[in-house]
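All chains, full assembly: derive it from the sequences and hints.
Order-wise, the sequence lines are chains A and B. Counting with my numbering, you get residues 1 to 440 for the letters of the first sequence. Counting with my numbering, you get residues 1 to 440 for the letters of the second sequence.
Watch out, some of these pointers could steer you wrong.
Copies of the same chain look alike in the list, so a pair counts if it fits in one copy or across any two.
No more than 27 Å apart at the CA atoms, straight line, and that leaves these computed lysine-lysine pairs for DSSO-like [said to hold, decoys possible]:
no., residue 1, residue 2
1, 38, 332
2, 332, 240
3, 223, 18
4, 404, 240
5, 224, 18
Calculated from the structure, these hints are not laboratory results.
2 protein chains.
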Amino acid sequence: MIDINFELPVSKLKEALKNVHPSDIAVLFEDNAEYREKLIEAIGIRRFGEAFIYLNDDLQVRYYLKLEENKKRELLKHFELDDLKTFIELFRVSYHEEILRLLGKERREKVVKLLSYDGDTAGSISSPSFMYFDINSTVKEVTSKVIKESDDNDEIDVIFFHDDVRFVGGLRLQDLIIARESMALYDIVDENYPYAYADDLVASAVRKIRNYDVSVLPVIDDKKVLVGIITADDALDIMKEDHIDAVEGLVALHDHSDASSPLKRSMQRLPWLLMSVVLNIVIATFLTTFSDTIDSNVVLVMFQPMILGMAGNIGTQSIAVTILGLHHEKIKPMRHIRKELFIAIINSLISGLVGVLIVFGFLYLMPNDYADIDKVAMVVGISLVLSMFVSALVGVLLPFILRKLGADEKAASGPIISTVNDFAALGIYFLVATILLINM
Amino acid sequence: MIDINFELPVSKLKEALKNVHPSDIAVLFEDNAEYREKLIEAIGIRRFGEAFIYLNDDLQVRYYLKLEENKKRELLKHFELDDLKTFIELFRVSYHEEILRLLGKERREKVVKLLSYDGDTAGSISSPSFMYFDINSTVKEVTSKVIKESDDNDEIDVIFFHDDVRFVGGLRLQDLIIARESMALYDIVDENYPYAYADDLVASAVRKIRNYDVSVLPVIDDKKVLVGIITADDALDIMKEDHIDAVEGLVALHDHSDASSPLKRSMQRLPWLLMSVVLNIVIATFLTTFSDTIDSNVVLVMFQPMILGMAGNIGTQSIAVTILGLHHEKIKPMRHIRKELFIAIINSLISGLVGVLIVFGFLYLMPNDYADIDKVAMVVGISLVLSMFVSALVGVLLPFILRKLGADEKAASGPIISTVNDFAALGIYFLVATILLINM
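Here it is in structure tokens:
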């Protein structure tokens, strides 16, 4: 963390901030609300433009809206194109035009193109700053073009080539340097360089970067024309968001960000909680059908949390393992399901067996006036086995079913499913109890 | 996915596999057990060595152990140093020497160095293939050294410089290309290039790559000597593992990998499940102290799943949001806790209010012979508010407390805590019930 004394005069501040990275400038800007104007004065609008996209979303929007039009225009000028696109998407669609009209024609057209891609496609996250040359030129020509077009803002680790207009491959700068001027580009360009299509899913593009160990992945359209690149750094940001999404999905959160107001975040989490209340009333209704069994065997109530908890635990394990598999690897459905169900059977059986022994021991040792403690222990054990297995079965199959239906497999997690599992577990518990304790 | 007809003669197979990426070779090797020898014959040991590290861990170990010594030696020769280190760590420590002695002296020393770093430090994941030059040389000298030392296997997007022996900065290859031969390196090398210390945490190194948007992060030792680099691609792999760890932590899994045997994985998940059984017996014991209240108000049982479920839901939300914050951002503890508790109060109150209304409506409409349905509804409502708030409080505070104690904050999730929350929720429920229904 950087410590800056903002009481210094601007000239000294300028010196102190000279080599601070944009992302650290952003932190300073966020943390020192009272010195924001002074900070901008010290670093200049250009560097502030570079730092701006590192600010939290809320602050970006609020700060931008307060600026006068010429300041807005000035600020936007210093955004890179992909950042500009991300920035515009922070605003409601009806305001986009308002921002776009402040851009120069060329930049506006490129951003409009980026905005036109679907949100979860490779095209939408690609950056249009890349070098793209004719493969029929010479090493010497390409080298001098690289030197001429190289700009401080762009990261160019790999340059790309087309034949006619179609993408043919990539060449690492490092290989261009060691190439002799007389070499034909066709001989050194890697024609098997991996690429993604603009409408491929983001996740699949990220997986390509990871699997093929490239630092830049080119994105081409359906005519095989290069339209953008995704760098490994971009992929890191995407993975971070993705990771957060997955964990939030598991617990039915929608916005973990510290930036939005607590009240707003509270309202985002509430629907799920309330839905869960309603679902639990369905469970209560269902339980009333067993009121005779419960009335005459109140001891069953003691072990209700155990049945619910164990079914819940094994269920979330199965869901998580299945979602992780679907997300990060190409798992083979039948093999995965078979293996997971095998694990579920083993673990349910062992837990049930331990349950019987421990419940019997507990009832035997505790002073109480319940008869049939052996039968109660059996009820708990059998219910554990069955409810755990059912819960695991749901957890393993549901993500696949959702994916098959075209839905997001992550919807399999969350309070709704856990309530459904509660429902099944209690149904099994009291059904087994009714059969063993009442009818026998 | 690549489709290869393995019935083809080796010469044709060689042609078909010519441009297949190592990671795809690995998939083919995994999926076509009966053609493994033929595949190796077609691609040669060198390319097999490159593909080997993409195989699943289990297969790497099993396959390696079956090889004769000279084949082992040959295979190891084609591993990159950081991969070699990862590979060796798949084996138990007592076997490491066995592998190390098959390496040439220079490679052995470098790998031993890598193995010496703690598992979660930047040093342990760094790769020792980098270019490191004296900053007092000329652009021309450096360029010719890059050309000479450049090797197909290394990714060199950034080269690094030392003055004497200490690290002074980095220079992107792209900037080297555009530099005029007469320029002093001191003027073009970025002396603010971000770096990590070898004993920094992996997570902090990854965050640097992400925040500073660099494709390579140099790792230096405490004498400021460059000892390795971490690329953005490496960071992607680490983030993937990290992501999996976090989700597994949330559900107390330890190995989601498809690769180990189901029985082994079953045994890894079992301890938590069994611990949960035991903890639930503690809950049962606790519940017996309320047996009078339960006996005379069996209707309470109907709403027990609601209390448990709601406290559980809000608790996992709080834990997840706190762990995500601690992991991905530098959250300010007091601010985060204050905000989260505000959200918890709002959501508990609203859920409790809805609970009262819905339970009252339910009891009013359902045919039953319970008296005091207004009091029962109050008990459920008050218990919801209190138990949800307590559960959220634990979820927000525990990760901070664990971190303060030097433990992993992810331990806050998992079955133990959910059982503790169950315990608190039921205690509150039956205590409130005893006060309102029995003593009043």
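Status of each hint after checking the structure:
1. 38 to 332: between (58 Å within a copy, 24 Å between copies)
2. 332 to 240: both (26 Å within a copy, 19 Å between copies)
3. 223 to 18: Answer is between: at 26 Å across copies they meet the 27 Å cutoff, but 45 Å inside does not.
4. 404 to 240: Both, since 26 Å and 24 Å are each at most 27 Å.
5. 224 to 18: Classified as between: cross-chain Cα gap 23 Å, same-chain 43 Å, threshold 27 Å.
Consistency with the previously given hints is maintained throughout, with no hint failing.
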